[in-house]
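Novice: Each chain is listed here by its residues.
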Amino acid sequence: NAGVTQTPKFRVLKTGQSMTLLCAQDMNHEYMYWYRQDPGMGLRLIHYSVGEGTTAKGEVPDGYNVSRLKKQNFLLGLESAAPSQTSVYFCASRPPGRTYNEQFFGPGTRLTVL
Amino acid sequence: EDQVTQSPEALRLQEGESSSLNCSYTVSGLRGLFWYRQDPGKGPEFLFTLYSAGEEKEKERLKATLTKKESFLHITAPKPEDSATYLCAVISYNNNDMRFGAGTRLTVKP
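Those protein sequence lines, which keep their order, are chains Z and E.
If you read the first sequence in the numbering used here, its first letter stands for residue 1, the second for the next number, and so on.
If you read the second sequence in the numbering used here, its first letter stands for residue 1, the second for the next number, and so on.
Possibly wrong hints are sitting among the right ones.
[Said to hold, decoys possible] Calculated lysine-lysine pairs in the DSBU-like style (CA-CA distance at most 35 Å, straight line):
hint	chain 1	residue 1	chain 2	residue 2
1	Z	K9	E	K68
2	Z	K9	E	K42
3	Z	K57	E	K69
4	E	K42	Z	K71
5	E	K109	E	K42
6	E	K79	E	K59
7	Z	K57	E	K79
8	E	K109	Z	K57
9	E	K109	E	K79
[What the hints assert, rightly or not] Calculated Cβ distances over 12 Å to all of chain Z for the following chain E residues:
hint	residue
10	E15
11	G16
12	E17
13	S28
14	T65
15	T67
16	T76
17	A102
The hints are simulated quantities; they were obtained by calculation from the structure and are not laboratory data.
Just so you know, even glycine gets a beta-carbon here, dropped at the ideal spot from N, CA and C.
Could you put together the complete structure from these sequences and hints?
Specialist: What follows is the structure, given as structure tokens:
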């Protein structure tokens, strides 16, 4: 099993450009999450999904959109990138059931917006 | 609002020098407290979940404990390969989101 994979690993954008980050998991997990990690601030939840076709906002959703068309994939979109969105983005997944089940994380995508 | 504070921000130890990392939390009803390890350039890797005060869990040189206000990650006789950032996170009855602390960056010198 590959676990949770993310593409791309690195990306540089100019202000105003758009892009999509892809997260894929092969563990048949229902729940998937997108986080961003900034120095000194820890991981913050952007959006999450509790199943195929569903999405919900997390702590810092502004400027991002998501889609979960297939159970194994969770896409994070930036419609008009801003320098404040420079960060490392992590995807995670977990099985259904107890809220406190552990989350499995991908390797991250480092995004720089100039 | 749920809050998680980790201290110290950074910790440098000599190999074999035991120490503890602290995670203080403020939540409305704790469902679970998590410890993760994160190596540079990688995603967090799960270590432990603690559910109630008094609970303890161990894995190799690591031992996590929980009280009503904080959790400690005790590292006994650390080795250089224990160098990493250790993250603490909580889930409360208030919300289903996992809230993370900023982490403690541990460096173990040989």
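Novice: Hint by hint, which ones does this structure get wrong, listed from lowest number up?
Specialist: Hint check: 1, 7, 8, 17 fail, others pass.
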